[in-house]
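These protein sequence lines are chains A and B, in that order.
In terms of my numbering, the first sequence opens at residue 865 and continues consecutively.
In terms of my numbering, the second sequence opens at residue 154 and continues consecutively.
Worth double-checking, as some hints may not be accurate.
Unchecked claim - In silico contact screen, one side only, chain B against chain A (beta carbon under 10 Å); selected entries:
(1) 181
(2) 215
(3) 415
(4) 455
To be verified - Computed list of lysine to any residue pairs in SDA-like fashion (alpha-carbon distance at most 20 Å, straight line):
(5) B:315 / A:1244
(6) B:315 / A:1225
(7) B:315 / A:1233
(8) A:1446 / B:227
(9) A:1389 / B:211
(10) A:1021 / B:219
(11) A:1389 / B:215
(12) B:236 / A:1440
(13) A:1320 / B:236
Source of the hints: derived by calculation from the structure; they are not laboratory data.
Every residue gets a Cβ at the ideal spot worked out from N, C-alpha and C, and that includes glycine.
The primary structure of each chain is shown beneath.
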Amino acid sequence: MKKFISLLLSLGMVVSMAACGYDEEPDGPSGGNSEIENIYNLPGKDKTELKVINFHGGVGSVWIDEAAERFAQLKQNESYATGKKGIYINIDKSMTPNTSQMANSAYALYFDERFSDVNALAQAGLLLPITDIVKDQTRVGGVLEDKLFEQVKGSLKGNDGEYYGLPHYEFYGGMSYNRKVFDSAMAYFAADEATDKWEYPSTKYGSAYMVNDLNTKKSKGPDGEYDTEDDGLPCSLQELIILMDYFKTQTAYDPAIVSGQYQNYINYTIAGLWSALAGKEQMENYYNCTGEIEVIDYENNGGFSNENLFPGIDYIKKPYTKKVTMTESTGYLGNDMVAKYYALAMLEIFEKEGFYSPDSYIPTRNHYDAHKNLYYDGAGQYEKAAMLLEASYWYTESRINGGLNDYKIVTGKNPDNLDLRVMPLPTNCYTEGATGKEDCLLDIAQTFAMINGNIKNNEELKRAAKEFLAFLYSEDELQRFTVSTGMSRAISYELTKEQKENINPFYLELLDKRDNVVYYSGSTKAFRLAKTSIRIELDGPVLKPGGKESPFGYFQGGTKNSNGTYATGAQYVMGLLRITAKEWGGIYTA
Amino acid sequence: MENNVLEETKERKKKKMTSLHTQRKVFYIVMFSIPTLQFFIFYIYANFNSILFAFQKYTPNLNDLGYQVEFAFFDNFETAWNKIMSADGWDMILNSLQLYAWNLLFVTPTALLFSYYISKQYKFSGFFRVVLYLPTIVSSLIMALLYKYIVTDVYGFLTGDKVGLLGGTDTDRIYYTVLFFNIWIAYGSNVMLYTGAMSNIDTSILEAAKLDGANTIQEFGYIYLPLIFPTIITFILTGIAGIFTNQMAMFHIFGSNVPSFDVFGYFFYRQTAGNPTLFPSAKKMSLPELSALGLIITAIIAPITLLVRKGLEKIGPSSD
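Could you put the whole structure together from the sequences, leaning on the hints where they help?
Next comes the structure, spelled out in structure tokens:
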């Protein structure tokens, strides 16, 4: 018996370890299989070894494996220390590069996601200044500092004015959709002047004209212009609700899917809707804590009327709003933005109107599963969904995790024929009087490259780390990075036509919208003092009510109070997330 | 002459006494030095930063690297206290207390009974010993994952309820599913230690009890319980001391995706693991505030633990 049990346990351990594996399938628009066989980047006793830690989610590690091989080849005869020749870039691929332990770490170079804050790490003396790389006048293609997006520079510096980090990749929160599903369901709104359209009455949310077939002229979409990518997509939250209802009642598709294991991914969509509705100018004002924004007028009857915001929904009330000009002393008002309330309200509606796929409630379904709900078309164990709540990195993550290959195996179809896209989000609350607005993309990746400050007295590693970093941010490597991952860095660089052809269409559209990106960065004193408080990202405190990871629970039955009642709803969450004048006073002093 | 011998003997005795006294002194010093050293290393040194942090306020220098560090008086303690007294704080306290109550009132008595059964070597006692201890051998992370899949996928397969016991909107159901896991997992260590303590009971005492005509219940109540009571006290006390650091395996089960209930252990873990900042922010506790919270909790729980120990030693069954 004991033997049997110990055998069982051993087997369990082996299986559980195997489950931790993470196979990458790099390259090609939908993934092929080009495992890298290193010829030059190999360990050697007489080589300088540079330890690098790379956040393995998001864009994965193929890009850096390939770049390291090229760098090792380039430096095969270079000596970084007496008696040594060549370099070996030893890359650790981790989901948790813990920068708080940097001081005692052997990693010389870090590529980390939103968990790290370059400015805060620099202030603590943990980073090596890299101003010489950023201001290098000899760099081929121009000085890097001139190429860095102006807006992002603030987040790369310490308060001594030196550069300590470089922007890694960026992604944006929101939703993605399966274009083929939309086409087959003819789930597009028709243009006002279209003749071949039909009125969809919806269950209770008001009516809208939909296209009768794919040749019907589609509505202008969120940007307010015809013949653009977003034609026929909802221009307002009201239309988005009708679209969701349309999928729920008229098609075999569930309207939306979010990972059951990571329901906090709704934060991505809240951030996306918030920025789309507020627009670029207001979001930049938000981070700088200055300028005009539209907020809920809490002094007017507590901020909310008894009027319903949308027809057919009686639990979302219309807010009283006003425009205010923030000063640094009143930067806390940014969290009263009405766009944020609308975004929260939409997520509450998704929940309460049953717009999520049942798979969204299975706690063992992770984000890779949710991706499959979007593109498996009902194959396997996945209910089919038309829209996915995620950030734009998901496609790369799904590809490198083998999701698209699995698709090929399970359905027998070519993943290159899938048509998955990032969804331009509504820019208005109401359809009536809606004005077109350019899509505002909020960078919620906030990823950086940094050199560990603990190598400052090690000339060998210091030189190697700086040279490798400079190499990765050369013009050629920037282009290669984007071709490999589909994602861009907040640096001005162009891709050739051939390079663009190698990028999946999912990301191509986003590359054309880089002028509309708002970065987690600011130039004001208020930003430098309060940035942690106002940071918008998956774990940003402005999206985490009551210490929870997301408002998801508050949109369900609510969260149980100690008196047995349940706290619930967007209005309540908005209140929980407000920053008070007193709290602001504890952070910012003029 | 006689006087001289007497003097010498006295002197020798005195020397011997002094030597004994010195040896005793050295012995005491050595004995005291080890725990004192432990105290300094594992409490003072380990907690030094925490205590220091709790009274500090960090503000980043605006024109240079580094921070201005000011004495914060009790500002951090005020923030921490407000957290405890908030609705969330009370919820966390109640959830932690509920887990402890289940452990105390349900796990301890039943584990004692099982241990008694095993130590009496009744039928299948060896099997019970292995099976009950099994969850403790396997990594707690793997056990939690296993449990998660059982109550989700396996449960879904058997009942048709795909959402399982950890999904959906029924907050109470999710809470009790997690609670059940903690109770289940607690059995292993309880049973192992109790059976260990029971096996140390002198068989002559048991034989004497048998000769005196003690039945099974009397044997358990009058022999076993009093003799293993120090082990029970240990469990009760470590349980109390860990009330607010026990994270109920929630990180293993939910990751960082907090369900609609929370406990302080899980809260602390998330706050400190998520790259906490030195300087204050509006909705996230800074390291100094977390340190103050930790000290407040220690200040609450330490005297309770000591009082309970004293009380139990007084009112507990005597082994005499």
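For each hint, the structure was consulted:
1. 181: violated, 38 Å
2. 215: holds, 6 Å
3. 415: holds, 7 Å
4. 455: Hint on residue 455 of chain B: violated, closest Cβ of chain A at ~25 Å, above 10 Å.
5. B:315 / A:1244: holds, 15 Å
6. B:315 / A:1225: holds, 8 Å
7. B:315 / A:1233: Holds - the C-alpha atoms of residue 1233 of chain A and residue 315 of chain B are around 14 Å apart, at most 20 Å.
8. A:1446 / B:227: holds, 17 Å
9. A:1389 / B:211: Satisfied, since the Cα-Cα distance of roughly 16 Å is no more than 20 Å.
10. A:1021 / B:219: holds, 13 Å
11. A:1389 / B:215: holds, 8 Å
12. B:236 / A:1440: The hint holds at about 13 Å.
13. A:1320 / B:236: Violated, at about 41 Å.
Comparing the model with each earlier hint shows violations of hints 1, 4, 13; every other hint is respected.
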